[in-house]
Amino acid sequence: MNNNFNISSALNALKQVKFDLFQRDFLLTWEKEYEDIWSVLKVAEILKHLYETNNTLEVFRRGLGISWFRDNSTRTRIAFSSACNFLGLSHQEMDEQKLQIYHGETIRETVNMISFMAQVIGIRDDMYMGKGNKFMKEVAESLDEGFKEGVISQRPAVINLQCDLDHPTQTMSDLLHIKNYFGHLEKLKGKKIVMSWAYSSRYGKPLSVPQGIITLMSRFGMDVVLCCPEGYKPHQDILDKAEKFSNISGGNFQITDNMKKAFKDADVVYPKSWAPYQIMTKRTELINRGQEKGLEKLEKECIEQNSNFKDWVCDENLMSLTKDGKALYMHCLPADIQGLNCKEGEVTKKVFEQYRLDTYKEAGYKPFIIAAMIMLCSLQDAISIIEKNLKEF
Amino acid sequence: MNNNFNISSALNALKQVKFDLFQRDFLLTWEKEYEDIWSVLKVAEILKHLYETNNTLEVFRRGLGISWFRDNSTRTRIAFSSACNFLGLSHQEMDEQKLQIYHGETIRETVNMISFMAQVIGIRDDMYMGKGNKFMKEVAESLDEGFKEGVISQRPAVINLQCDLDHPTQTMSDLLHIKNYFGHLEKLKGKKIVMSWAYSSRYGKPLSVPQGIITLMSRFGMDVVLCCPEGYKPHQDILDKAEKFSNISGGNFQITDNMKKAFKDADVVYPKSWAPYQIMTKRTELINRGQEKGLEKLEKECIEQNSNFKDWVCDENLMSLTKDGKALYMHCLPADIQGLNCKEGEVTKKVFEQYRLDTYKEAGYKPFIIAAMIMLCSLQDAISIIEKNLKEF
Amino acid sequence: MNNNFNISSALNALKQVKFDLFQRDFLLTWEKEYEDIWSVLKVAEILKHLYETNNTLEVFRRGLGISWFRDNSTRTRIAFSSACNFLGLSHQEMDEQKLQIYHGETIRETVNMISFMAQVIGIRDDMYMGKGNKFMKEVAESLDEGFKEGVISQRPAVINLQCDLDHPTQTMSDLLHIKNYFGHLEKLKGKKIVMSWAYSSRYGKPLSVPQGIITLMSRFGMDVVLCCPEGYKPHQDILDKAEKFSNISGGNFQITDNMKKAFKDADVVYPKSWAPYQIMTKRTELINRGQEKGLEKLEKECIEQNSNFKDWVCDENLMSLTKDGKALYMHCLPADIQGLNCKEGEVTKKVFEQYRLDTYKEAGYKPFIIAAMIMLCSLQDAISIIEKNLKEF
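Chains as they are written, first to last, in the working numbering: chain A, 6 to 398; chain B, 6 to 398; chain C, 6 to 398.
Please note: incorrect hints may appear among the correct ones.
For identical chains, the list gives no copy identity; a pair is met inside one copy or between any two copies.
Stated by the list, open to error - Subject to a maximum C-alpha distance of 27 angstroms in a straight line, what follows is the list of computed BS3-like cross-link-like pairs (lysine-lysine): (1) Lys328 x Lys194; (2) Lys331 x Lys393; (3) Lys269 x Lys153; (4) Lys302 x Lys355; (5) Lys348 x Lys238; (6) Lys23 x Lys269.
Hints listed in this document are in silico derivations from the structure and should not be mistaken for laboratory results.
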């Protein structure tokens, strides 16, 4: 808990800032203005403070928060459920396993059918390159049409709970964690954060976190280093965005394939495995063509390719190279912890144990980031609702 | 949204009408008096108006709304969940897949076990002819006994979310849709509605919608035409009911196997596939006897039989025959849309697209029909609760 | 409903008693002091009375109640959901089928990840001897660490919804049922209760109920008789506890393998099947070693062993031996009812039918026992919250 948090000054600061989130969705941080991101972070901190000081917000008195997980999830599902509950919404899960495959008419129709009383639809669709964000946009367009044409009388906000491209509720939780670690967003300027690939024997881990981290942290003046073996770089578009944001924020963005060089004097390290962009794209193509044998071959290739980089492990030696030997270690969890849940993995047991509780706290921002997105995207007067509640305490 | 809706006059009208729904279930519309149906429609309209004008009702402060889907469903499940949420109930799903098969003692016991704090149990059981309604009645009888004997301290209402015989929440939503299309229930008198069979390559679609439509619309003085190939007629009992209701309401009920004749000058058309009654009955018998081979054969026969009627498609030519060439097209969704989600199906893409948003709006009444049923069946003073809320706004 | 229940005197009595449940879990009744158990029973009765007299409690205004069923359950899941709803918590299910196997780090991590806004975690884990209670303790320890280290800002209570050792929400419901049958806890003194093994053709029924019954009823001065065939006795530790509690309470604890002798003059009989402790322990070992063939063999052996005791059926002859021929028959449900849902089972159809509604009422205490545990374990001022609500009526 942040005991020094001043809720009045946070609310005043918010009132000075022009953000444009009402009746919009939250899909990709790089589509949002700095002010939008800043406001979500600020509202999330206010909500977390209110929760931790045992204050209840009266936000919604009815309405559904629908979660649509196209891939299994426990943590994010319950974070979403927690956010809905905190704001007064009832959580209702779509159960993909009971549904037909969605495309075209089916999406338009289903989305309208479930939205008659929905305030928010949170979606996870992170399995296939080129699909998740596209799906979310189709949902959003269906809602736009339904709302415009009078089918639904309120427009639920669509919130990205992880797609093929970005994972905004994760990366913004990560950002709040870093912010509170250093004390202030301003203090992130010039701090070196390393988003590093790390070894895993598992196949097909999404690129959403590394892509989300380099494009988000670069907006806050950080010295962002992407470190990965040749062949594991995200799409050039994403790299260009990180570069552009760094230029605007006065930060720096660099790419290296040398983990030691990357860790040198780092303030924050985020070592995590992900699948090569090319493989993930090829995978989608094979799936689209229904080529199962090709998929098996691809999986084998990918795991073999990974195994060339088994030494990409965040261990004590690497950590000792960081600023004063004590950079903040981050992970979106669950991690492949060498000697604990795998033989060879992203991080050694010793390093992980040292930062384990920190990674739990890192995750603890997520329900509040989600709640802030819901409030700002579906309420015109989110700030005054908070103020009104405070007066009533 | 219906901007001309006058809530005071709706409430006054309700107070003039004697309905008898409290501590009853809503299983089949033909078991209900006209006044019961009328009252559910009226309360549903009031609730929809309140929702759309951002008013919140305080109805229940606690209690569960239990949904029991013995067949998969997304739309009705979320409509039920929405209705519960709107009234202040928590939605809890029974998960049939995790349950044993229910019969005899098991039903009595399970029903009591889940009802200690339940206000409503919504059930879908539409797969097997002769089973769904029977199951719901067993649930209702178990609740009667449990309530009478002091096992449960409130009697949850049982609401039919689709059975083998009827689909009241769907057909009453359809009715509200038609009513608002023509402006007033009185204006339905003499309007021609065609409940027509249409081609589908799929097996075993329930008869609940056609049976429900012809028995409900005939109570409102409509000129009801049932149109289907020989062999696809519902059970004679149902036809007799439609006939009887037509006589009482001053309407008309006819059966034809000629789609062109049926569509001629129609005001409303509802083209939809269903399985022959005989086949659905035979299917239940085979299932009861555990004859899997017989079931496969039956499915093949049914699909072959359907394929004799591939020209039973709602297309532009047929629509041009209707009143001024612009009858209201209706469907309970999802539809088999020729050229969109199937090669040959119930309706052409062009016709469907023209009425697509209308079918979405048609579905939009369902959460409010369900909510009205819950209120009227489980509260003695439903009308005064609404009035009390209005005064507090 | 108990019309003579005096809520004021119940609250006054509670204020005289020192119980120690706040920020504790409720895992095994034998770990609790008599005052703790007494207080849960008293609060459960108050809550049941309030519910039945249509009073609503304002307890929690937000927060999740998480149910974690590692084995399928409908009844207890909905009892838990009902309790959460009654207190103002939202029920969120963990879905074990969608989760990886939990051990070590995974438990610690997952438990923290789901608990950011949880007030209670209800767990059922009753399948494997030596595992369920251990799992619950690991969950509790993870919560302790998370709370202590500031990961979570409230410590959710862990409630045992059945483990390998005990089934406190069941046995305490049973106790309230007996208490209300005889009129007062004091009147249980000297009453003879027979916890008897009975025949079932099914494999692997947990020992939690018999173990829970003999250790709980012995605390209230009852004349507790455990009756089972040689080889079906619970672990000696449990028998010792029952013996010890009987000595303290002035009751009596005896073991017999003669059902007739046991039923003689009994006031209460609880005939129910369970698997031999040795077999359940061996089963866990075989599972741990992944020996599927051994497991099949064991199942066969167990069912064969059971079949030596097919005459262990609660029938009219046995019942006629009890006090005035009308002992209270109890069962945790569902029962194996001979001639109804099985050919040979725990109880005859005739005996069961006579007590059927009683067994339903027995189960009806469970939502309130759970609610009382939630209140007392997660609120410091549970009693004054109830009092405050009463004043506001």
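message = Check the structure against each numbered hint from earlier and tell me which ones fail, lowest number first.
response = Hints 2, 3, 4 and 6 contradicted; others consistent.
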